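Asker: Sequence:
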Amino acid sequence: MSLKIKSSKEVTFDQLSLGEVMLRLDPGEGRIRTAREFKAWEGGGEYNTSRGLRKCFGYKTAVVTAFVDNEIGHLIEDFIMQGGVATDFIKWRDDDGIGRTVRNGLNFTERGFGVRGAVGNPDRGNTAASQLKPGDIDWDHIFGKLGVRWFHTGGIFAALSASTAEITIEAVKAANKYGTIVSYDLNYRPSLWKTIGGLKKAQEVNREIAKYVDVMIGNEEDFTASLGFEVKGVDHANNQGAIELDAFKNMIETAVKEFPNFKVAATTLRHVHTATVNDWSAILWHDGKFFESRKYPELEILDRVGGGDSFASGVQFGFMEFNDAQKAVEYGAAHGALASTTPGDTSMATRKEVEKQISGGGARVVR
Numbered sequence: 001m002s003l004k005i006k007s008s009k010e011v012t013f014d015q016l017s018l019g020e021v022m023l024r025l026d027p028g029e030g031r032i033r034t035a036r037e038f039k040a041w042e043g044g045g046e047y048n049t050s051r052g053l054r055k056c057f058g059y060k061t062a063v064v065t066a067f068v069d070n071e072i073g074h075l076i077e078d079f080i081m082q083g084g085v086a087t088d089f090i091k092w093r094d095d096d097g098i099g100r101t102v103r104n105g106l107n108f109t110e111r112g113f114g115v116r117g118a119v120g121n122p123d124r125g126n127t128a129a130s131q132l133k134p135g136d137i138d139w140d141h142i143f144g145k146l147g148v149r150w151f152h153t154g155g156i157f158a159a160l161s162a163s164t165a166e167i168t169i170e171a172v173k174a175a176n177k178y179g180t181i182v183s184y185d186l187n188y189r190p191s192l193w194k195t196i197g198g199l200k201k202a203q204e205v206n207r208e209i210a211k212y213v214d215v216m217i218g219n220e221e222d223f224t225a226s227l228g229f230e231v232k233g234v235d236h237a238n239n240q241g242a243i244e245l246d247a248f249k250n251m252i253e254t255a256v257k258e259f260p261n262f263k264v265a266a267t268t269l270r271h272v273h274t275a276t277v278n279d280w281s282a283i284l285w286h287d288g289k290f291f292e293s294r295k296y297p298e299l300e301i302l303d304r305v306g307g308g309d310s311f312a313s314g315v316q317f318g319f320m321e322f323n324d325a326q327k328a329v330e331y332g333a334a335h336g337a338l339a340s341t342t343p344g345d346t347s348m349a350t351r352k353e354v355e356k357q358i359s360g361g362g363a364r365v366v367r
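For reference, each letter of the sequence shown is one residue, going 1 to 367 in UniProt numbering.
Don't read these hints as lab results, they were simulated from the structure.
Possibly wrong hints are sitting among the right ones.
[Said to hold, decoys possible] Once the Cα atoms are required to be at most 20 Å apart in a straight line, the calculated DMTMM-like pairs of lysine to aspartate or glutamate come out as:
| id | residue 1 | residue 2 |
| --- | --- | --- |
| 1 | K194 | D123 |
| 2 | K201 | E221 |
| 3 | K194 | E208 |
| 4 | K39 | E29 |
| 5 | K173 | E204 |
| 6 | K200 | E221 |
| 7 | K257 | E204 |
| 8 | K133 | E10 |
| 9 | K211 | E258 |
| 10 | K91 | D78 |
| 11 | K356 | D279 |
| 12 | K177 | D140 |
| 13 | K39 | E71 |
| 14 | K91 | D136 |
| 15 | K295 | D279 |
| 16 | K133 | E170 |
| 17 | K211 | E230 |
| 18 | K145 | E170 |
| 19 | K133 | E204 |
| 20 | K194 | E170 |
| 21 | K91 | E166 |
| 22 | K91 | D69 |
| 23 | K173 | D140 |
| 24 | K173 | E221 |
| 25 | K200 | E230 |
| 26 | K295 | E353 |
| 27 | K194 | E221 |
| 28 | K91 | E37 |
| 29 | K295 | D324 |
Quick caveat, the model's predicted, so the values are computed rather than measured.
Please put together the full structure from these sequences, using the hints given.
Answerer: Encoded structure:
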């Protein structure tokens with residue numbers, strides 16, 4: 001059974017995301033603690049999917065977020081504009097001069113190498129996006145009048161504050177009302193929840209959001225922590241990032257019984273040999289069946305941040321373009337693999353490169 005997705009001819013945007021976009025500061029091959037210069041990028045788990053769909057796959061996308069009206073806010077806006085993502089729904093907050101009441105988010109991220117894992121050090125307290133609240137966005141105008149085929153948000157944004165959890169619930173309800181497909185990346189981060197209610201609050205919020213989700217994305221940790229489902233038979237201490245496929249399948253089958261609104265559930269499958277070598281593939285559940293992507297053994301990683309977001313955007317493209325579950329998981333896995341070979345949070349791949357990987361193409365020089 002295919003998803004009921006609106007035609008691109010009847011909407012203004014193919015996809016819309018809701019989330020915080022931060023200024024990422026990257027020390028390249030060095031360490032944050034010893035850096036003397038940083039490369040600047042933009043990035044955010046939800047926004048990254050919109051940029052991937054626009055730059056790699058040519059879809060019309062937009063982001064709902066908020067910035068302080070100062071030089072840093074407009075720098076991040078400029079990055080978003082370079083990525084081709086519409087900025088119509090950015091909310092601007094007045095600058096108080098020093099960030100006492102509101103500020104823009106920063107994310108210091110080093111890539112890791114070999115036995116040294118990647119390190120993220122976000123600085124995002126009291127940000128403009130974290131202060132978004134119900135009533136700030138005219139969802140009826142966006143989903144009802146303008147029209148959107150696919151709406152994407154996630155557990156990182158929902159965890160930023162009590163009000164972002166509330167506006168996320170408001171948004172998914174509105175998208176449902178107007179027949180827009182809703183996808184949600186659970187993206188559980190204990191550090192984000194610990195000061196606003198911890199695991200109990202995470203499950204309370206995510207289980208409410210889950211009632212309105214069509215496409216749920218997340219690994220076994222996400223499903224267990226965010227939704228309270230237990231995965232049996234997985235030794236987290238010894239599996240080095242791998243999960244047992246049968247255990248994950250059992251968990252998804254349990255989840256869709258409790259949330260029959262889930263039409264798709266998907267995750268990447270990673271086995272971490274080192275920070276720079278991972279086995280990579282993906283699995284997707286749809287209409288009672290599991291679909292597995294081709295495998296990318298010993299994938300060499302330049303920058304793993306954003307690989308899962310590129311997987312999510314590839315899945316979205318596969319359904320919107322073909323409405324085919326097998327193609328969706330293949331596009332997702334290939335796009336995520338390629339995103340891991342370039343710096344920054346967002347994909348630098350082309351559709352032609354993604355399709356080359358799906359067809360089994362190698363890494364020979366292209367002349």
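Asker: Taking the earlier hints as the rules, which of them does this structure contradict?
Answerer: 8, 20, 24 and 28
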